[in-house]
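Participant: The chain contents come next:
2 protein chains.
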Amino acid sequence: MTAAARHGTTWLGLDPAHPFGIHTLPYGSFTTQDAPARRVGVAIGDQVLDLTAAAGALLPGDAALFAAGTLDPLLAAGPDTWARVRAAVTDWLGDERHRTAVEPLLRPAGSVDLHLPFTVADYVDFYASEHHATALGRMFRPDGDPLTPNWKHLPIGYHGRAGTVVPSGTPVVRPTGQRRTPEGNVVLAASARLDIEAEVGFVVGTPSTPGRPVPLADAGRHLFGVCLVNDWSARDIQAWEYVPLGPFLGKSFATSVSPWVVPLAALGHARTAPPPRDPRPLPYLDDTADPAAEPWGLDLTLRVTLNGHPVSAPPFAAMYWTAAQQLAHLTVNGASLRTGDLLASGTVSGPGPGERGSLIELTANGGSPLTLPDGSTRGFLEDGDEVVITADAPGPGGTRIGLGEVRGRIAPAVSSPS
Amino acid sequence: MTAAARHGTTWLGLDPAHPFGIHTLPYGSFTTQDAPARRVGVAIGDQVLDLTAAAGALLPGDAALFAAGTLDPLLAAGPDTWARVRAAVTDWLGDERHRTAVEPLLRPAGSVDLHLPFTVADYVDFYASEHHATALGRMFRPDGDPLTPNWKHLPIGYHGRAGTVVPSGTPVVRPTGQRRTPEGNVVLAASARLDIEAEVGFVVGTPSTPGRPVPLADAGRHLFGVCLVNDWSARDIQAWEYVPLGPFLGKSFATSVSPWVVPLAALGHARTAPPPRDPRPLPYLDDTADPAAEPWGLDLTLRVTLNGHPVSAPPFAAMYWTAAQQLAHLTVNGASLRTGDLLASGTVSGPGPGERGSLIELTANGGSPLTLPDGSTRGFLEDGDEVVITADAPGPGGTRIGLGEVRGRIAPAVSSPS
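Quick note, the sequences are listed as chains V and U, same order. So for the first sequence, UniProt numbering puts the first residue at 1; every next one is plus one. So for the second sequence, UniProt numbering puts the first residue at 1; every next one is plus one.
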């Protein structure tokens, strides 16, 4: 890496406060109107570097990784390749000498269409915020302990529907489903309690061997990067269906992800110790056993807007369970990882009232609706509502590392089948 | 189709009672020791027709469907293609005139290695046997109703781990996981209550459109065929983890499937009316509304052996919810289907004591162990135990349609991480 790149300068003349600066360099998959074949891109400022085109000239030994136009081959290639490609891109964009070769390969961000950046293999959704789980437990099980007895012993999770993970911007059709009315009637109707869940997703790169658990210390060899996730949830459908086998149609209609995957290599300055755990978890989940290990807490600040109005700023650093613990738990029974497995954190909620990552928390289950600047109120989402989740994290030298955004607008329900 | 094929004769001189006769013709994916590239095969008697090789000469317009050696392109091609290919294969194997061309393309079944026949997209496991759900409800919730209030209103299901679906014969490593001891201690240990679940899997061919529910009447356009499924279950891991978000590590270590996918076209004689439902389900699930519609109950008889000893004969015709209802429910919220989606029925259990598809039922939760011919007893599975599930169904003219088998042997647990 050249001195220029190491010091975070670039010949692009970027505002140093730009969330997609030289220290971020997220990967995505794009097309342009005149070139419909998918290409891998790297976001830099308000431009996109065409990595599929650039690699042929600048990284010829690795060009095959980008030919298909999705991140799948890069993800599968493992940490040495991830580091080599990131160093090369940092050098191209940081060192004035590459300007002539690289500048023609930049596209205005506004001119590209962004797609699902990788093929989702299995999608697992966790439940790792103590504040969120406690708040929901109080609502759904008012007579018992808010947390189930297992909650502090293991990172609870379940498999979601990989086939309905969609990229940011895809309209979200209000789901129809069974629910039980307060009078006890079972009806098929459009969900009346459509909610968001603001989450962070961890993307698996290197697969693991069947039958071989992935210890905490190996998480960084398997996890490539992070994206933002909106795990849309129909609370009325979910409430009726979820006992005893868990959420199904209340979640499976759509899960939106941000188009840019930020490599974990960009989040070194965001590493932070997770909250203390009591009781101390079993050794395979105990991340305090090795004091020299890099912590897996991440100081990301999420921001949720509804129709442009800020409604919440959930702090990811408050999450009880880390992605490394989730990976260790997911594989402790011998289950293997595939490239493209997506591990979502579960709703990110902090302790404060403006730090909750779902409307069911922000509105006390709809009982205390939010008031928007136009005077309208929201317990849950209405047709036409648009939710945007963004996030950033501390970077080197006071910079910020942006995670981009995941955006979705609610479309009216399709009339249900007869 | 020629008269010979139509009448179920074949130049192969098969025993008419063979479960892989001319009326079955299941599809699989195989290799041979001298040819490691995957090929699509059709089982006929104790031989395998190399369809990848045959199609080039006999079905040239469709040869591309078989070039990759998995069923994925055939599944995606839809019902007209399924019918055309099945008619052609029936003709080749039924009409003496094709003998010279086809005979060289037959391999002894014992000489081929069988693989996962298709790429599993999303794996959904249902819970469709009233007898099974009632038995488990009595064990796990002895103080309440055995069935949850939603059970007779909707086919309960959840997403499983697609990445750990393995073909028959793959060793099943005993999973390690968290459980709570009777004394209330939380420990990490090899599962001591490892069980089977004998199920039938329905394989999705034609994808569906996002946002568009698949009505009952369209199920046959999307469902290609059936396989056998053993949904291995660690009851102790499951019991500790499953509240509130459902089964996870208790199931995700392995799910075994049979290598031969029997097309629904082979199961016309097995169609039977499902049991009466009370209460009558909502219209989108009401398969009694059109009396002229072909019923989706299937008269399959499963047989479970443990170390060669028959332990159960679960009747699939007793299932409360059909695959068509499961498909209608799965998509009623707008969730789309992908080629390769696998819908497993849930444990197949009939009302009789010898008709239960899991050991937890057959042994009263381990309290009444089975005695094997060698005098040993089994509450749950021991290392080295081998479970084989087979099934067949009525075919035309008194023949039987075989579903082949799904086989798995328990390997000892891997020592757990420190």
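Be a bit skeptical, because a hint or two may be false.
Label pairs and their computed distance ranges (CB to CB) [claimed, not checked]:
#, chain 1, residue 1, chain 2, residue 2, range
1, U, T288, V, G110, 31 to 39 angstroms
2, V, P283, U, M139, 27 to 35 angstroms
3, V, D15, U, N185, 53 to 61 angstroms
4, U, A87, V, D80, 50 to 58 angstroms
5, V, V414, U, G56, 39 to 47 angstroms
6, U, P295, V, T119, 20 to 28 angstroms
If you want the ones that stay clear, here's a sample from chain V, every Cβ over 10 angstroms from chain U, calculated [what the hints assert, rightly or not]:
#, residue
7, A35
8, D122
9, G160
10, T164
11, P244
12, H329
13, N333
14, R338
15, D341
16, R400
These are computed hints drawn from the structure, not numbers from a lab. Yeah, the Cβ is synthetic: ideal placement off N, Cα and C, and Gly gets one too.
Participant: For every hint, state whether the structure bears it out.
Facilitator: Cross-check of the supplied hints:
The hinted range of 31 to 39 angstroms is not satisfied by U:T288 and V:G110, whose Cβ atoms lie roughly 55 angstroms apart. Hint check: V:P283 to U:M139, Cβ distance near 32 angstroms, so the stated range 27 to 35 angstroms holds. For V:D15 paired with U:N185, a C-beta distance near 56 angstroms keeps the hint of 53 to 61 angstroms intact. Separation of U:A87 from V:D80 is about 52 angstroms and conforms to the stated range, judged on CB atoms against 50 to 58 angstroms.
Take V:V414 and U:G56: their Cβ atoms lie about 43 angstroms apart, and the range 39 to 47 angstroms holds. About 37 angstroms separates the C-beta atoms of U:P295 and V:T119, a value inconsistent with the hinted range of 20 to 28 angstroms. For V:A35, the condition that its CB be more than 10 angstroms from all CB atoms of chain U holds, with the nearest at approximately 25 angstroms. Some Cβ of chain U comes within 10 angstroms of the Cβ of V:D122; the nearest lies about 5 angstroms off, and the non-interface call is violated.
The non-interface label for V:G160 is inconsistent with chain U: the shortest C-beta to C-beta separation is roughly 6 angstroms, within 10 angstroms. For V:T164, the shortest C-beta to C-beta distance to chain U comes to about 5 angstroms, within the 10 angstroms cut-off, and the non-interface label is violated. For V:P244, the non-interface assignment is contradicted: its Cβ lies about 6 angstroms from the closest Cβ of chain U, within the 10 angstroms cut-off. Not every CB of chain U is more than 10 angstroms from the CB of V:H329 (nearest about 7 angstroms), against its label as outside the interface.
The beta carbon of V:N333 is not kept farther than 10 angstroms from every beta carbon of chain U, the shortest such distance being approximately 4 angstroms. Not every Cβ of chain U is farther than 10 angstroms from the Cβ of V:R338; the closest lies at roughly 5 angstroms, contradicting the non-interface assignment. With a minimum CB-CB distance of about 7 angstroms to chain U, V:D341 fails to clear the 10 angstroms threshold, and the non-interface call is violated. The non-interface label for V:R400 is consistent with chain U: the shortest C-beta to C-beta separation is roughly 34 angstroms, beyond 10 angstroms.
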